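Enquirer: Sequence:
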Amino acid sequence: MLSNRGTTILQAAAALPAALDENRQVVPITPGQVSIDLTIVENWLPRPEFLEIGKKAIAEKFGDTELSNNHGFGDDAELLAALASFFTSYMKPFVPLTPSHITATVGAGYSLDALMHLICDAGDSVISPGPFWNGLAPFCFVHPGVKVIPAHPKSLTQALNMDIVSTIRTAYETAPDPRKIRAVVVTNPTNPLAQCYPREVIEAIMQFCEEKGLHYVSDEAYALCQFGKGTPFISALEVGEGLIDRSRVHVIWTASKAFGSSGIRIGCIITQANPLLLAGVSLATYIQCSTLSNTYLTAILQSAALPGLLETNLERLAHNYSILTDALTSLRFDFLPANAGLFVFVKVVKNAQTWEEEANVIRRFAEYGVKVSPGREYVGEDGEKGWARIGFSVPETMLREAISRMKKCIVDAEWG
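Numbering follows the UniProt record's numbering, with no gaps: position 299 of the sequence shown is 299.
Hints listed in this document are in silico derivations from the structure and should not be mistaken for laboratory results.
Quick caveat, the model's predicted, so the values are computed rather than measured.
Hints may be right or wrong, so weigh each one.
[Said to hold, decoys possible] Simulated crosslink set (DSS-like; lysine-lysine; CA at most 27 Å straight-line):
(1) Lys154 / Lys350
(2) Lys154 / Lys229
(3) Lys180 / Lys212
(4) Lys371 / Lys407
(5) Lys407 / Lys350
(6) Lys350 / Lys371
(7) Lys212 / Lys154
(8) Lys347 / Lys154
(9) Lys229 / Lys180
(10) Lys92 / Lys180
(11) Lys350 / Lys408
(12) Lys408 / Lys347
(13) Lys147 / Lys180
(14) Lys347 / Lys371
(15) Lys229 / Lys347
(16) Lys180 / Lys154
(17) Lys55 / Lys92
(18) Lys147 / Lys92
[As the list claims (entries may be wrong)] Computed Cβ-Cβ distance ranges for the label pairs, DEER-style:
(19) Leu331 / Lys180: 30 to 38 Å
(20) Leu331 / Thr88: 29 to 37 Å
(21) Pro337 / Asp382: 22 to 30 Å
Just so it is clear, CB atoms sit at the ideal spot from N, CA and C, and this is done for glycine as well.
Kindly produce the complete structure, drawing on both the sequences and the hints.
Expert: Here it is in structure tokens:
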């Protein structure tokens, strides 16, 4: 027999949109043809250079002491110092970061899970402005017993402007019990829109959190992935002075995206004015991160080549984005322009009236050997059917092959 908590987690996972299962299932494709998966957003583009740095560091620095547990509180002291220096340089915090502001975890998802355990009781809620990935709910909120109240924008074009603030307020005021709402969880840059919140919107959401006594949690996994023009990325660490009690501002980051290193499983929580909360997270995540991963990431952060490699990554992202969007334009697909992420949100069915229409197109692509994510996983609104999230941070040859297969699918189906 499972515990009540275990049963709840499995029930939540089973309640994910049907399109999720449909997209993950094995479908028949041409014999000998390998399916190209553009749903798992891993960044392959900077890997060759980062891999060389990591191999060298492990060969030279991974010794017998690394076969022991980490000795630092909140993770390895050298890693935390390197992270503090990195974030101070790239996130532009108005209060410089120190290692005491950071604790490392086994990935961004676990950072969010641990944070929810610390700021929420079972049965509490958080508000999250949409669109966002519905798959987060079972893994990062249900485990600590927290409910997610979506604040869906009136339209996708209004998801990042000041209208979303009134939507958040409405979600709060119409909640069954606003007293149980503990935080607003924002993803910036966003997933799946791959765009950034303007400073004034961040400030307004922070002011709302201050008014209601809520925590402001900023998931910044896609920070440092801004490859194009548009609203610039601004970290929550940079804003908020005088707007909100800083003990209720928390940032989550991971090495997965900009560093192309999902498999090393290191994320972190940054909070600059709540040492008690950070100590609780450190205790909850004590000695979880692998010393092998620590050695790898520390070497990357300390490398003199890092600034240039980050620029190279953005150039490669911009190049692949151009390849994909040029193809989408030629195929007469509408899409939301992206400038900060690893994917594009594409309208694959114009004037879609049912979720089945969307699912059919996703299924057809899969039959031709290309997997893309159904929009239903992200928007969840009846008025926003017919979307798909298409990743482009794969090797260029793979991306071009995926585009070729999608074109053949469309031609064979006589779309448009």
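Enquirer: Give a verdict on every hint.
Expert: Tested hints:
1. Pair hint Lys154 plus Lys350 holds up; C-alpha atoms about 18 Å apart against a cutoff of 27 Å.
2. About 25 Å separates the Cα atoms of Lys154 and Lys229, which keeps this hinted pair within 27 Å; it holds.
3. Using a Cα cut-off of 27 Å, the hinted pair Lys180 and Lys212 holds, with the two alpha carbons roughly 11 Å apart.
4. Distance restraint check for Lys371 and Lys407: the Cα-Cα separation of roughly 14 Å lies within the 27 Å cut-off, and the hinted pair is therefore satisfied.
5. Between Lys407 and Lys350, the direct Cα distance comes to roughly 17 Å. Compliance with the 27 Å bound is thereby established for this hinted pair.
6. Between Lys350 and Lys371 the CA atoms are separated by roughly 19 Å; this keeps the pair inside 27 Å, and the hint holds.
7. With a C-alpha separation of about 23 Å, the suggested pairing of Lys212 with Lys154 holds against the 27 Å cut-off.
8. Straight-line distance between C-alpha atoms of Lys347 and Lys154 comes to about 17 Å, which keeps the hinted pair within the 27 Å bound.
9. A threshold of 27 Å between alpha carbons decides the hint, and for Lys229 with Lys180 the separation of about 39 Å lies outside it, so the pair is violated.
10. Distance hint between Lys92 and Lys180 is unfulfilled; the C-alpha atoms sit about 33 Å from each other, more than 27 Å.
11. Under the criterion of a C-alpha separation no larger than 27 Å, the hint pairing Lys350 with Lys408 is consistent with the structure, at around 19 Å.
12. The suggested pairing of Lys408 with Lys347 holds, with an alpha-carbon distance near 18 Å, which does not exceed 27 Å.
13. Pair hint Lys147 plus Lys180 holds up; C-alpha atoms about 10 Å apart against a cutoff of 27 Å.
14. Between Lys347 and Lys371 the alpha-carbon distance is near 15 Å, which keeps this suggested pair within the 27 Å criterion.
15. For the suggested pair Lys229 and Lys347, the alpha carbons sit about 22 Å apart, so the restraint of at most 27 Å is met.
16. Using a Cα cut-off of 27 Å, the hinted pair Lys180 and Lys154 holds, with the two alpha carbons roughly 25 Å apart.
17. Distance check on the hinted pair: Lys55 and Lys92 sit about 30 Å apart at the alpha-carbon level, beyond 27 Å; violated.
18. For the suggested pair Lys147 and Lys92, the alpha carbons sit about 32 Å apart, so the restraint of at most 27 Å is broken.
19. Between Leu331 and Lys180 the CB atoms are about 46 Å apart, so this pair departs from the stated range of 30 to 38 Å.
20. Checking the proposed 29 to 37 Å range against Leu331 and Thr88 shows it is violated: the Cβ atoms sit about 44 Å from each other.
21. Evaluation of the 22 to 30 Å hint for Pro337 and Asp382 yields a pass: the beta carbon distance comes to about 25 Å.
Violated hints, listed in ascending order, are 9, 10, 17, 18, 19 and 20; each of the other numbered hints is respected by the structure.
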